[in-house]
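Take the given structure of chain A and dock chain B to it, following the hints.
Residue numbers (this note's numbering), protein chains in the order written: chain A, 181 to 658; chain B, 181 to 658.
Among the clues, some could well be false.
Copies of the same chain look alike in the list, so a pair counts if it fits in one copy or across any two.
[Unchecked claim] Capping the alpha-carbon separation at 25 Å, the derived lysine-lysine pairs in PhoX-like fashion look like this:
#1 K510 / K207
#2 K381 / K560
#3 K242 / K207
#4 K206 / K242
#5 K430 / K482
#6 K262 / K385
#7 K242 / K504
#8 K288 / K328
#9 K510 / K430
#10 K620 / K385
#11 K217 / K264
#12 K379 / K242
#13 K217 / K262
#14 K328 / K279
#15 K385 / K482
#16 K504 / K207
#17 K650 / K379
#18 K262 / K279
#19 K206 / K405
#20 K217 / K288
#21 K379 / K595
Honestly, the hints are just simulated from the structure, not real lab data.
There are 2 protein chains.
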Amino acid sequence: MAEKKLVEAITARDEDFAQWYTDVVKKAELADYSSVKGCMIMRPGGYAIWENIMHELDRRFKETGVENVAMPLFIPESLLQKEKDHVEGFAPEVAWVTKGGNEELEEKLCVRPTSETLFCDLYSRIIQSHRDLPKLYNQWCSVVRWEKTTRPFLRTTEFWWQEGHTAHATEEEAEQRTIQMLNIYADFCRDVLAIPVVKGKKTDKEKFAGANSTYTIESLMHDGKALQSGTSHNFGDGFARAFGIQYSDKENQLRYVHQTSWGMSTRIIGAIIMVHGDDSGLVLPPRIAPTQVMVIPIAQHKEGVLEKADELRAGLAAAGIRVKLDGSDKSPGWKFSEQEMRGIPLRVEIGPRDIEQGKCIIVRRDTREKREADIDGVEKTIALMLDEMQADMLARAEQYLAGHVSTAASYEEFKDAVANKPGFIKAMWCGDLECEMKIKEDTTATSRCMPFEQEQISPVCVCCGRPAKKLVYWGKAY
Amino acid sequence: MAEKKLVEAITARDEDFAQWYTDVVKKAELADYSSVKGCMIMRPGGYAIWENIMHELDRRFKETGVENVAMPLFIPESLLQKEKDHVEGFAPEVAWVTKGGNEELEEKLCVRPTSETLFCDLYSRIIQSHRDLPKLYNQWCSVVRWEKTTRPFLRTTEFWWQEGHTAHATEEEAEQRTIQMLNIYADFCRDVLAIPVVKGKKTDKEKFAGANSTYTIESLMHDGKALQSGTSHNFGDGFARAFGIQYSDKENQLRYVHQTSWGMSTRIIGAIIMVHGDDSGLVLPPRIAPTQVMVIPIAQHKEGVLEKADELRAGLAAAGIRVKLDGSDKSPGWKFSEQEMRGIPLRVEIGPRDIEQGKCIIVRRDTREKREADIDGVEKTIALMLDEMQADMLARAEQYLAGHVSTAASYEEFKDAVANKPGFIKAMWCGDLECEMKIKEDTTATSRCMPFEQEQISPVCVCCGRPAKKLVYWGKAY
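Extracted from the complex, chain A is given alone in its bound form (with noise of 0.2 Å):
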């Protein structure tokens, strides 16, 4: 009876895919709720997962040259009204400091939504011969954009990210690195999370408040919606005007800086959840799990289980697995349970029957499948699973997403797509905000990009009939 509690307190995904998410967020222990407001908390579950994100990017951030400093958590009004669109866009939503001690202070600060701003003042102070360029710099840490309706993950007041901001002599460096991070994100969503995403432009209305150029991965989630994963900006050097970021070139001429800046946040776990899990729970991509294999002892009592068990979960650790043994007075259906709400990639069953034939039972948390194995060896049979399952989760995103992605000619189709076929929509668009704001009313699909990979499906908007310029993805979206 009691065995069955973790499985059953799960809405079932296709039955309520909201109450759903809900409830893998809280069984699988990733996150809670807090007493602030619209603040989650990451449990040790979701954290881990965070920590290997922030391993995996920064790794690959670095490699390119990257820096990582740590900037305040404040920002003066005065700084944060230096650039006109970009104070437009966030003082809306943001928390204000006015007491400071016992004192009120001269100045509100606001909390940090976004750090461009100090980052152009620090520019500004640090910059001044093209030999100081490029500056490549990034930070990891929280911000805070008051919400009304939030969720875990998805859209929480604080959330934790990544806030690449950089500074370059020319035009073309910056869009080349503007480029060169939105690849990054794609790349490490493929590899990594075994989630693909469509690469494009945002349309100016769905742009960062004071970029010149928006770029944006788009995933899709298991109930057709799409969840922007990570964008890059590019400014121009319209935040260097306001702030007075300029350099002397080889030619000692005065320059403004050309800049970019790029995120990624805790959001992404949203979309490892929404695109992988199942009815069982959370279903975890091998190479982002924090624990890759959980080892379970049948009948763990009887004598020399439990040391064998150990022997073979030091055996795997040691070959650089991410192992854990799970020796718990629960019983092993409870422990099945529970690994498989969590999205633990493979478990290893092992018994006294096994043991004595030399044997062990792995089992796949995607497909169930079980596969009997050698104890002697098993370490690369086990690594070999864990390839073939990630292999086998980014293909199965691979075909839900080409599954889900439907094209409209009239605004008929549109409709209908909108209605029946959850996913993106592929159609055409003149360009014109008066179009996109009439599509979102009309149907509540956003523009999600423009993709870099153009096609022409018809001559004409698909909403007003003028001629088309571009061909737009759009959905429901996070």
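Quick look at chain B alone, frame taken from chain A:
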């Protein structure tokens, strides 16, 4: 001329220690002031040291079963007030958020000065049974305490740290954990930072707001002032009672948990600077140095020099040494000054004549010792020299500490020591707050700790002459 500027710009260490410190922080590009009063920016040079500190400590924590989490940045006023001593200690120095978006908040939120109350709130919800214990959580984050006077790393309004918070079934287990973490800090300081410390217990006056007992490691700076370098607190069940954190034991009895917390902060970077630095700038112990070796080519315009220098760099990197090549167009002399200012442990000079002879010159940052070495097999020579330097730096720091502890049996001796003998003063204490206050008022020296290694210097209190209870380390402190 220009080449000497970097070095000349530093104040001599023994002339004006405070100015020297500020100069090093600035010229070594460790930190910078920001546009937010009292808040610092950690620049790449400083943050890379912090990254290594985090990496080393985190590994040690995890080996003892600690798990990382992320808690909210904000604490509602009512939550902060739940433990009486705690709120009295912290309320005067917190920053208050009173507005979110465009609305006045119903309840104001403080920016966490420390997170005991948040962890307690979580623990009260997730701890039910003895099976849920112990909880060994830690987080890496920044905290905010409104400070009047600030100095980079040593005292800033926002600072970065880790804060561990644990909950245990028994008093004994909590006490063991408190001491275990203190020992991890002490070992880390000695083995990685080459900083010896004195371990002991704080007096009631100096202990953490809400703790039963606070343990500390105290280190000694070059100017003879002490620096509290890490603390570990045993809370008993005080917080558990205030927050209602109870578990049912094996006999199904409800019991309060016993808790600890422990922290080390970016302050420790101040200690690295002030223990090891010299008139040429920073000196980093090899084990914590982001860059351990700087390869500097001589006459790099000559054919083959840069190539050979880079080959040497690649060989060192392949051997796991953190190495960079300075191939910029600055002069070698300028590069030497920079490498010295930044405290990079070893520099390798390699020019045309050296290459001809298959040699290079290795210069130690701390002693300036020059060694000629064969390029062939230089990895081993370098690894050995890094180890030697690490050991020598610790030995020198230990010698300095040992030479700066004086003993005072009478109040006259005590006052003379404070005035004329920089360093710790060992003296007996009756245990009364009044004497502690009087000593501070008369001399500015404070009680640093009651060391674990107690001695009987005299039978009476150095201040009042009544029977002594404890040997105390006293000193001026940062």
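Is the C-alpha distance from K262 to K385 at most 25 Å within one copy, between copies, in both cases, or in neither? within (21 Å within a copy, 46 Å between copies)
K328 and K279: within-copy, between-copy, both or neither at 25 Å Cα: both (24 Å within a copy, 14 Å between copies)
Is it within a copy, between copies, both, or neither that the alpha carbon of K430 lies no farther than 25 Å from that of K482? between (78 Å within a copy, 24 Å between copies)
Using 25 Å as the alpha-carbon threshold, which applies to K217 and K264: within, between, both, or neither? For K217 and K264, the Cα distance is within 25 Å only across copies (24 Å; inside one copy 30 Å).
Cα distance capped at 25 Å. Does K242 pair with K207 within a copy, between copies, both, or neither? Cα proximity of K242 and K207: across copies only (24 Å, versus 35 Å in one copy).
For K510 vs K430, is the C-alpha pair at or below 25 Å within one copy, between two copies, both, or neither? between (71 Å within a copy, 15 Å between copies)
My question is about K510 and K207: at a cut-off of 25 Å on alpha-carbon distance, are they close within one copy, between copies, both, or neither? Cα proximity of K510 and K207: one copy only (17 Å, versus 59 Å across).
With identical chains treated as interchangeable, where does the CA-CA distance between K379 and K242 reach 25 Å or less: within a copy, between copies, both, or neither? within (22 Å within a copy, 38 Å between copies)
25 Å Cα cut-off: does K650 pair with K379 within a copy, between copies, both or neither? within (14 Å within a copy, 68 Å between copies)
Status of K279 relative to K262 across identical chains (alpha carbons, at most 25 Å): This pair counts as both: shortest intra-copy Cα distance 23 Å, inter-copy 21 Å.
First find the shortest C-alpha distance between K217 and K262 inside one copy, then the shortest across copies, and answer within, between, both or neither for a cut-off of 25 Å. between (30 Å within a copy, 18 Å between copies)
First find the shortest C-alpha distance between K206 and K242 inside one copy, then the shortest across copies, and answer within, between, both or neither for a cut-off of 25 Å. Result: close only across copies, 24 Å inter versus 34 Å intra.
Hints 2, 15 from the earlier list are contradicted by this structure; the remaining hints agree with it.
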